[in-house]
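**Q** The listed protein sequences derive, respectively, from chains A and B. To convert, note that position 37 of the first sequence is 37 in this note's numbering; the numbers rise steadily by one, no gaps. To convert, note that position 161 of the second sequence is 161 in this note's numbering; the numbers rise steadily by one, no gaps.
Because the hints were derived from the structure by calculation, they are not lab data. Incorrect hints may appear among the rest.
Stated by the list, open to error - Quick look at which bits of chain A chain B covers, simulated, 3 or more residues with Cβ under 8 Å:
1. 118-124
2. 130-138
To be verified - Simulated DEER-style distance windows between Cβ atoms:
3. B:Val63 / A:Arg73: 51 to 59 Å
4. B:Tyr106 / A:Ala18: 31 to 39 Å
5. B:Gly36 / A:Val56: 48 to 56 Å
6. B:Val63 / A:Ser112: 30 to 38 Å
7. B:Glu110 / A:Met200: 52 to 60 Å
8. B:Ala199 / A:Glu43: 46 to 54 Å
Every residue, glycine too, gets a C-beta built ideally from N, C-alpha and C.
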Amino acid sequence: MDWQALHLSLLLGLLTIAILLPVAIVVGRWLATTHLRGRAVIEAVLTLPLVLPPTVIGFYLLVGMGPDSPIGRAWTALFGGALVFSFEGILVASVLVNLPFAIQPAQRAFESIGQDLRDAAATCGHSLWRTIWRIELPLAWPGIVTGVVLAFAHTLGEFGVVLMVGGSIPGETRTLALSIYDRVQAFDNPAAARMAAVLMAISLVAVTASFVLSRRTNRHG
Amino acid sequence: MAEGLSIHLHQDGPIALAVDFEVTAGETLALVGPSGAGKTTVLKAIAGLYQPAKGCIVCDGKVWLDRDLGTHVPAQARRVGLVFQSYALFPHKTALGNIAEAMLEYPRAEREARATALLERVHLEGLGARFPAELSGGQQQRVALARALARDPHVLLLDEPFSAVDQPTRRALHALLAEIRASSAMPIIFVSHDIEDAAHSADRICFLQNGVSVEQGATRAILDDPGSALARWLNG
Numbered sequence: 001m002d003w004q005a006l007h008l009s010l011l012l013g014l015l016t017i018a019i020l021l022p023v024a025i026v027v028g029r030w031l032a033t034t035h036l037r038g039r040a041v042i043e044a045v046l047t048l049p050l051v052l053p054p055t056v057i058g059f060y061l062l063v064g065m066g067p068d069s070p071i072g073r074a075w076t077a078l079f080g081g082a083l084v085f086s087f088e089g090i091l092v093a094s095v096l097v098n099l100p101f102a103i104q105p106a107q108r109a110f111e112s113i114g115q116d117l118r119d120a121a122a123t124c125g126h127s128l129w130r131t132i133w134r135i136e137l138p139l140a141w142p143g144i145v146t147g148v149v150l151a152f153a154h155t156l157g158e159f160g161v162v163l164m165v166g167g168s169i170p171g172e173t174r175t176l177a178l179s180i181y182d183r184v185q186a187f188d189n190p191a192a193a194r195m196a197a198v199l200m201a202i203s204l205v206a207v208t209a210s211f212v213l214s215r216r217t218n219r220h221g
Numbered sequence: 001m002a003e004g005l006s007i008h009l010h011q012d013g014p015i016a017l018a019v020d021f022e023v024t025a026g027e028t029l030a031l032v033g034p035s036g037a038g039k040t041t042v043l044k045a046i047a048g049l050y051q052p053a054k055g056c057i058v059c060d061g062k063v064w065l066d067r068d069l070g071t072h073v074p075a076q077a078r079r080v081g082l083v084f085q086s087y088a089l090f091p092h093k094t095a096l097g098n099i100a101e102a103m104l105e106y107p108r109a110e111r112e113a114r115a116t117a118l119l120e121r122v123h124l125e126g127l128g129a130r131f132p133a134e135l136s137g138g139q140q141q142r143v144a145l146a147r148a149l150a151r152d153p154h155v156l157l158l159d160e161p162f163s164a165v166d167q168p169t170r171r172a173l174h175a176l177l178a179e180i181r182a183s184s185a186m187p188i189i190f191v192s193h194d195i196e197d198a199a200h201s202a203d204r205i206c207f208l209q210n211g212v213s214v215e216q217g218a219t220r221a222i223l224d225d226p227g228s229a230l231a232r233w234l235n236g
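This is chain A alone, in the form it adopts within the complex (with noise of 0.2 Å):
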């Protein structure tokens, strides 16, 4: 058992959830409310890592974050190192990556509240924020949670992104699912299925906690 990239792939998870959630609250938000005109597009861009190979999105990634780029420039002066090949370049591609897991679901669960109910908030006297705090937010907790299990249980199977990303660095890119890979690689079979049921077990008990809690949030609904 891979330990160290057990720590790691919990770690990556757990991180890009907790940027993931304010994200997903805002932009799913306003998604569900704007006019915009371009939202279509703004969409399509969201929902392409969905639909790309890993490998696409991980190639434009190694490409945009690399040290000849103005992002791996700009990183390398502010906090030197290079953000490719790090902990903190798999962070980014992994947020990237599950922008669409974590939005779509709070999107539609603020979509399904309907205008009448934020209209009858501000008859109620409610400002923006206490509507979205009170009213809003209560209402479309169990679709944002969803979403965050969702990216989280995404994160920890991530593979070829966080492979061109990352390499597999041991303690610092190397997460589970590479490990398991290396493993299987040289033909170490039991390793690689004791770590597959840690994984599976760990997303599996992440995702059914996320359906009771949303079955017990909207009783009443």
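Please arrange chain B on chain A, whose structure you already have, making use of the hints.
**A** Showing chain B alone in chain A's frame:
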């Protein structure tokens, strides 16, 4: 007018409006007309949820909207009680919670006491702990009415309150409206496409067609005049 509500809404599109009417204190006005006449839009404009291109709304001497002067009091500050056609109850709040939601400026204890009193006023004693999904349609409407009354509104608006309810609920709502009218001087405006409901509960009728207030006057006078635009519409 010092007391009551004065409405002037005008625009060419996207929803054409040419609506002018007044409702005095203690008066109930029925906005009547076919589907798509702009009745709900007028209610939303009064509530501050819709801004027409031109218009002026004055309530009890206070200007809520004057597009020429750039005045627009937001919905939150208008103290309008609005009962939505869909009731728009907050599904995650109990009946009492829904009513209390409109009184957040009061301390918690006072809020709960006032919400309980309002629930009794709409004859739903003992149902305060129920969620909207656990109430019948008629009960949900009463909770929505109690919530609309919770902010001590200067005007009460009801969007199609008599549609999609059965006869007993309809009769009970007419009786409840009569109680509210007897106990308060606030103007009441309700939207209806059914002339019987207007005849039952309104002092005056404003007939809307294609966004235009075609005709208005005392309920009996309009209904008894076979030459009125409303009568022509009713007779096809």
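**Q** Which numbered conditions among the earlier hints are violated in the structure presented, ordered from lowest to highest?
**A** Going through the list in order, the structure violates no hint and respects every one.
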